[in-house]
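S.K.: Sequence:
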Amino acid sequence: MEFERSITELLSSRSTDYSEFVSRLLALTQRSSESVLEGIRALPTDKLKELYDLLELVQDEADKELEHGHEFETFLLRVSHKTGYLPSRLWLEGVEHDPVAIGGGSSCDIYKGTLTTTGQALALKVPRLFMIEDRGKFLRDFRREALQWRQLRHKNIYPFLGLWDKMSGDRMCLISPWSSYGDLTKFLVTHPNHDRLQLTRDVAEGLQYLHGRQPQLVHGDLKAANILIDDNKRACISDFGISKFLQSHTVTTVTTYHKGTLRWMAPEQLGSGDLSKARSPASDMYSFAHVCFEIYTGTFPWPDVQQDVAVIAKVAAAERPERPDGIPDEIWNIIESCWKQALEDSPFPVFWKAASQARNKTCRRSSRQPRRSWVVSPRC
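All letters in the sequence shown, in the order written, are residues 3 to 382 by the working numbering.
Source of the hints: derived by calculation from the structure; they are not laboratory data.
Do not rely on the hints blindly, as some may be mistaken.
Only pairs whose alpha carbons sit at most 16 Å apart, straight line, appear in this in silico EDC-like list of lysine to aspartate or glutamate [what the hints assert, rightly or not]:
#: 1; residue 1: K49; residue 2: E4
#: 2; residue 1: K235; residue 2: D185
#: 3; residue 1: K342; residue 2: E270
Using the sequences and the accompanying hints, generate a full structural model.
M.R.: Printed below as a string of C-alpha cells:
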C-alpha cells in the first residue's frame, strides 16, 4: 500500500510541477530493483496503465532531447517484461487488409493493408502461428519484442507503426508503412541509374545507429531483401530482430529457416551450431560487405556459385567473392575490411572517409567522361 501511495503522489505531481514529476520519474527508473518492479506489477490496472503511458510519453520526449532516453527505455522494457503490459499507443485501430497475402518468408506472411483513419498504405507481417511451438509464450514475448522495435527511431531504420490483433484466427500483426518502391533488390532493378554510393551510406548509417545504441543491437539478417526504400528513395534497414525472434519460436529447421540467407552469413555463423548466439556487430559488418556487393553489382553474393553448400565450403576456406567491374577502389577496400574474420575496431570512421573519397572521385570523373549506365551523376 505504501508503494501504491507513493506512485499515486508521483502521478498527481505531473499537474502541479512537470519538471519535478520528470525528476521523480527518472529517480524511480534509476532504482528499478526487483522490489520496485514487483510493486509496479501489484498496482491496480488503472494506475499501471497511467504510469506506463506516462513513462512512454516522457521517454519519447527524452529521446528527442537526447537526455536520459536510455534509462526510460530500459525501465519500460523491464516493466513490460515483469507485468506483460503494453502501452495503448502500440495498438492500432482501423486497419483493413487484402484477403490474400502478397508475399512472405519461411515463417510469416505479408499482407497489404490500409489505415482507414488516414488512408495510409500498410504492410502487415503476420507470423504463422501453426509453426509456433509454445503459442502462449510466443505471444508474450512477441509483445515485448514489439515494444523494443518501436523504440528505434532513425531515418535509415524503417519505422514500425504498431501491432494489430484483430486478424482472423487471433493472429498478431506487425505493421509498418507500405513501401511503394519495395526492397533494395527490386529498387536496383527498377532504378538502375540511382546513386549507389548514397544507398551504401544509408545502410551504413542505419547499421551504425543499431550498433551505437546501449545496449548494443545486432540486426543478424542484413541483406538487400531486408532493406526497404522509403518515399524519398532512401534505403532503410527493416526486419530488425524479427528473423532472430521468429527462429527462436518456430519449429522450422535451421536449413529451412536460413535458406536464401547463408550467402550473407559470416564464417563464425556458418560454423556455429547456434546461429543466434553467433550474431555480433562483426557478423553484421560481414553481411554489410555483401550488401555493398549487391548495391554495386545488382546481383546476390557468389552469383557464379549455384549451390549454397558450395558457398559454405568457400567461406570456410577463407575465400571471398572476386571483385567485379564497377566498384570504386575506396568501396572495395571497405568491403574487404568488413570481410575480415575479426573486427576489433569499428570500421565506420574508415567507411565515412572512404565514402567521401569515392564521392569526390566520382564528382571529378562525371565532369570529364560519360557515366556508366548504373551510376547517377551525384550532386557535387
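S.K.: Is K49 within 16 Å of E4, Cα to Cα?
M.R.: 14 Å, holds
S.K.: Quickly compare the C-alpha distance for K235 and D185 to 16 Å and report which way the hint goes.
M.R.: 11 Å, holds
S.K.: Check whether the Cα positions of K342 and E270 lie no farther apart than 16 Å.
M.R.: It holds: about 11 Å lies between the C-alpha atoms, which stays within 16 Å.
In this structure, every one of the numbered hints holds.
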